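Listed below are the residues making up each chain.
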Amino acid sequence: MLTHEKNALLTQCGPGTPMGQLMRSFWIPAMTAAEVPPADEPPVRLTLLGERLVVFRDSEGRVGVLEENCPHRGASLFFGRNEEGGIRCVYHGWKFDVDGHCLHMPTEPATSRMCQNVKARAYPARLAGAVLWVYMGDAKPVPELPAFGFMDQPDAHLYASRWHQECNYAQAMEGELDSAHVGFLHQMVNQTDPDHQALTGKYFQEDTAPEWKILPGMAGFMACNGRRVDGDKRYWRLNQFLLPFFTMIPPRPGDAQLVRMWVPMTDERCWVICVSWRPDAPLNEAELAAWRNGENSHRKVIPGTTTPVERLDNDYLIDRQEQKTISFTGIKGIRAQDAMVTETAGPIADRTREHLGTSDMAVVAMRRTLMEGASQCAATGQPHPAAANPWLYAVRAVQTVLPQEQDVATADDFLAPARGTPPAAPRATETA
Amino acid sequence: MLTHEKNALLTQCGPGTPMGQLMRSFWIPAMTAAEVPPADEPPVRLTLLGERLVVFRDSEGRVGVLEENCPHRGASLFFGRNEEGGIRCVYHGWKFDVDGHCLHMPTEPATSRMCQNVKARAYPARLAGAVLWVYMGDAKPVPELPAFGFMDQPDAHLYASRWHQECNYAQAMEGELDSAHVGFLHQMVNQTDPDHQALTGKYFQEDTAPEWKILPGMAGFMACNGRRVDGDKRYWRLNQFLLPFFTMIPPRPGDAQLVRMWVPMTDERCWVICVSWRPDAPLNEAELAAWRNGENSHRKVIPGTTTPVERLDNDYLIDRQEQKTISFTGIKGIRAQDAMVTETAGPIADRTREHLGTSDMAVVAMRRTLMEGASQCAATGQPHPAAANPWLYAVRAVQTVLPQEQDVATADDFLAPARGTPPAAPRATETA
Amino acid sequence: MLTHEKNALLTQCGPGTPMGQLMRSFWIPAMTAAEVPPADEPPVRLTLLGERLVVFRDSEGRVGVLEENCPHRGASLFFGRNEEGGIRCVYHGWKFDVDGHCLHMPTEPATSRMCQNVKARAYPARLAGAVLWVYMGDAKPVPELPAFGFMDQPDAHLYASRWHQECNYAQAMEGELDSAHVGFLHQMVNQTDPDHQALTGKYFQEDTAPEWKILPGMAGFMACNGRRVDGDKRYWRLNQFLLPFFTMIPPRPGDAQLVRMWVPMTDERCWVICVSWRPDAPLNEAELAAWRNGENSHRKVIPGTTTPVERLDNDYLIDRQEQKTISFTGIKGIRAQDAMVTETAGPIADRTREHLGTSDMAVVAMRRTLMEGASQCAATGQPHPAAANPWLYAVRAVQTVLPQEQDVATADDFLAPARGTPPAAPRATETA
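Protein chains in written order, with the working numbering: chain A, 237 to 668; chain B, 237 to 668; chain C, 237 to 668.
Incorrect hints may have been included.
The list treats identical chains as interchangeable, and a pair is accepted whether it falls inside one copy or across any two copies.
Claimed, not checked - In silico DSSO-like pairs for lysine-lysine, Cα to Cα no more than 27 Å straight-line:
hint, residue 1, residue 2
1, K355, K242
2, K242, K438
3, K355, K560
4, K438, K560
5, K568, K355
6, K376, K242
7, K376, K449
8, K469, K568
9, K536, K568
10, K469, K376
11, K560, K469
12, K438, K469
13, K242, K536
14, K469, K536
15, K469, K449
16, K242, K449
17, K449, K536
18, K376, K355
In short, the hints are calculated from the structure, not lab data. None of the values given here were measured: they were computed from a predicted structure.
Looking at chain A on its own, in the form it has when it is part of the complex:
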């Protein structure tokens, strides 16, 4: 349960808010690389952390992310002309490059210095790991990109998709960190059917009340949840939470790795970007086809949009007959099921009325990590230190089976890939 004030602290990410400041410490994933238009093609719109932007690629292929409204009198640059090194507002022909510099201001006299003095708000952008990253903070120089395992993989090893959800980012993300729900929300009605067992795993049925162990780190925490299985053993899953909104859950053996990103669009809507990847091999055609069709780790969207097919305003196309006999929800798609339980709590869940149990330990840890980070940034006026340590993101979500009495915190072999490796020489942080 949170007070109204803490709920606001957690959920509000616009310019000038403490959580907005924390978020702006980090590179923000904005869209998939495939959604970025080609060089000299028309810009696309993007709303991020409450700010309306346009994204384009200039003649040299550099990506520009500018405030949507022209700094002159506010006309939308979405309707601008992307040509010869920049985007030109069609109202008066003012032209801006990817850095926001004004290249041409033809309505001013030749003697005017105004062109040098007016700048469009521009954010640095990078393409890496099939994702477009945007830096909306103040640090100079800008930090390095986070060193997620997928960031330097070849294209064939990567698949990224994006959709939007009709609720605050924190609420959407809570559904991801909350391992206890897996055994319910996503289960099949007839659990003895081996196909259905395959989907959610029989371990989830053996113990519905996992034990939690939160192992904090510099950029977030590892949320270990252990279920008693096979008599005297415990099945441990280790989920990752990484500031400000990254999550990883362990894949089934043989499946691809994944990272999900829960990015505030506005305070009442968020983007979800999911990257599936294999560190050692190209993705295979079967999994690619399933993801493109919105199965498993990805969500089914109306082609050419980020709008899910099963969504809040159509009751997720629930099939009540199917709910009785086939799946627990009657809703198609693991991701749509997740969206249903988080979106129906309202655009911003009223956390003053919730009742948290032991199953919500990772949710509590996530909120605390975010709120403490936001308060720290607000107090110091500095970016969060994790932003200056990209290696903190070179970690994995993993799973294993241990003897029941073993403390997971001591299982070093298991934890090693989840902990990552600091660089050989100590790094100075950005704020030092």
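Given chain A, put chains B and C in place with the hints provided.
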């Protein structure tokens, strides 16, 4: 005319408002019995007095009315599974019975006491008189149901329907108590046509400015309106207003009785539930067919919904040619005509700018009765005394013709069925 | 750049605001004469300066403009019956004439004086120059209509159309006074094509940074903008701004004159009324056909509505391929292009973040003239003096070519038709 403050007092019914507290003294009609889903079938949504609820029937046929959001983390119970004695949230499998008790909390360890301590907000519900009644107040024990004449009639004597209107309940109800409008709004253009006379009655044309006499009672008042007719006589109609939002108007001779209920959904929308009934005989096929088609006392809706066919956002399908030559409004349906004049005053009418005349005496009495009741409940913190006296609702709306000079308040034979009969032994009120 | 306070002063026009008071000094153009319904036909709705009204024509052909809501209990007079000298509310049969007097109040007793005491809010209305004018101010007697050149022209010399834009009036009007944009927004991509040159004029390409000279007058100002052309000459265009929202731009040689009117509907939406006219000849079929089709000075709307075909919520049907090879915007219609650049700045542009250049001198002058007028009206409680001097509106927008060194303010022959002629005898102003 009301001040802004009094208009707010009259119209705001959410939790914590004085009018909301008054309303919560009483059993609230929520939907028709036919709209309540069968046992173990999926729940339906319902918004009442600003609260979002779900309605379902458990395996034993008991009706449950729960807050829509799960007390855990707020997922909607509309998407829940209604099975074996309760509704189960699909997020984590928490299960609640019709009283809001948690029956199962599988994500908590076996040793946890949390299941006993968490309760879903649940409201007592009863089916009676073809209507589902919900009690949203605090009184213990809950009061008896109001003893409307139709409450214990056999099914064949009853017909109930429900629709919604796009304005505050008080405004919608004002149109019902306002007898003077009948001779205008619902009239035909050619009043000499005997068919048209039959519809609204020639008495309404003989005297367009009825005299009013308000006779107050413990649960509301009788609004008598008398028109000079046939030379030296007066045609008296006696409408009933019963707290907090029940009205009765006298049927034409031979027609069925009716009760209308103007129930706040939100402050800017209301439900209308209408029960037509015959105390002594089954309803006949002709009147049932007409009502199902949205004629006379009921409203035409899009099948399977509570959305009227003729409504605000389509200008009530007004036919301007028909308005010139056939009906006064050019709008089909008595109820649609009523909705038009009340809804077009805005979601909440600005009563600071109105000009009330002698024709508005019942409207004024209704507002005063409600506002005094609300103030009294707010001052005492107690339910309204009428809620503890169900017999006050066992009354009728009646009509007669009296000599013009006779005081209607002295016409005891006429008034007897409108006054009801107190129980033999005096009852203690809930607040005593 | 304006402060938030000044932006509010400029843009808010509802009852009781300073700018609203300034506007109510003047006759407000409300719709085209062709849109006013015939005598005894149903009324139409109109929102003006934030007030919801109905417009009708009584049996004698007089135009009535009344508040939409009946003064009794607020039912909409839009659904009223327009018959025999007035409009009758269908709720209780109250009937009002074009002056708002109550002609009949049949629900009150014969002895009641209420009919004489209740008045519907009514605004004087006049038809002139193919436009319906409404006076919403307090001055008694009402001022004369502004003496625009087109006001007493025969019908065949006049064409008027109306559409709405999704932004504040001031923002929409800024696009009109802003001559510098013409050479960009409306240009063709291939400027050497003689057809394209014909459209926007080669002079606009020769000098993209016109020099400005603002010549203030009693009712507004002349905004002269001069472009260096043909070596040693200057091409001068003289646009007119006349309080509170009238603009004129000079037509191409041989083309019809025009006046545009940027009338607040609400603070976030405006009407645009455009009158094209010829002082000395009937309009020709070719230009009429083009205007009816939404070309040149007028806008293409969905027939029977004021809703543009190319509009904000459909991205103005931009054709990105056409934007590359044919027109600068890829948007069809000069007026749609203007709407795009003004509407996309938001319903009310945030003028605290703009960057004005020398090209914006007329925009600055217009804002200052309006804000000074509003402040003056608020301080004195009097109408603006220009409202009492109709001759101030008998002016033209003109253009010429002068030697480059000549001061346009000294070009008396050029300025004469733009200055207008005061009446022979001095007039007392309304406020004297």
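Evaluated hints:
1. K355 x K242: between (36 Å within a copy, 24 Å between copies)
2. K242 x K438: So K242 and K438 fail the 27 Å test inside a copy (38 Å) and across (62 Å) alike.
3. K355 x K560: between (59 Å within a copy, 25 Å between copies)
4. K438 x K560: within (20 Å within a copy, 58 Å between copies)
5. K568 x K355: neither (47 Å within a copy, 30 Å between copies)
6. K376 x K242: neither (31 Å within a copy, 36 Å between copies)
7. K376 x K449: For K376 and K449, the Cα distance exceeds 27 Å both inside one copy (37 Å) and across copies (44 Å).
8. K469 x K568: Neither: 33 Å inside a copy, 70 Å across copies.
9. K536 x K568: Only inside one copy: K536 and K568 sit 9 Å apart there, 35 Å across copies, limit 27 Å.
10. K469 x K376: This pair counts as neither: shortest intra-copy Cα distance 50 Å, inter-copy 50 Å.
11. K560 x K469: The answer is neither: 33 Å in one copy and 66 Å across copies each exceed 27 Å.
12. K438 x K469: within (14 Å within a copy, 84 Å between copies)
13. K242 x K536: neither (34 Å within a copy, 48 Å between copies)
14. K469 x K536: neither (37 Å within a copy, 64 Å between copies)
15. K469 x K449: Within. Shortest intra-copy distance 16 Å satisfies the 27 Å Cα cut-off; inter-copy 82 Å does not.
16. K242 x K449: within (24 Å within a copy, 56 Å between copies)
17. K449 x K536: neither (33 Å within a copy, 59 Å between copies)
18. K376 x K355: within (18 Å within a copy, 52 Å between copies)
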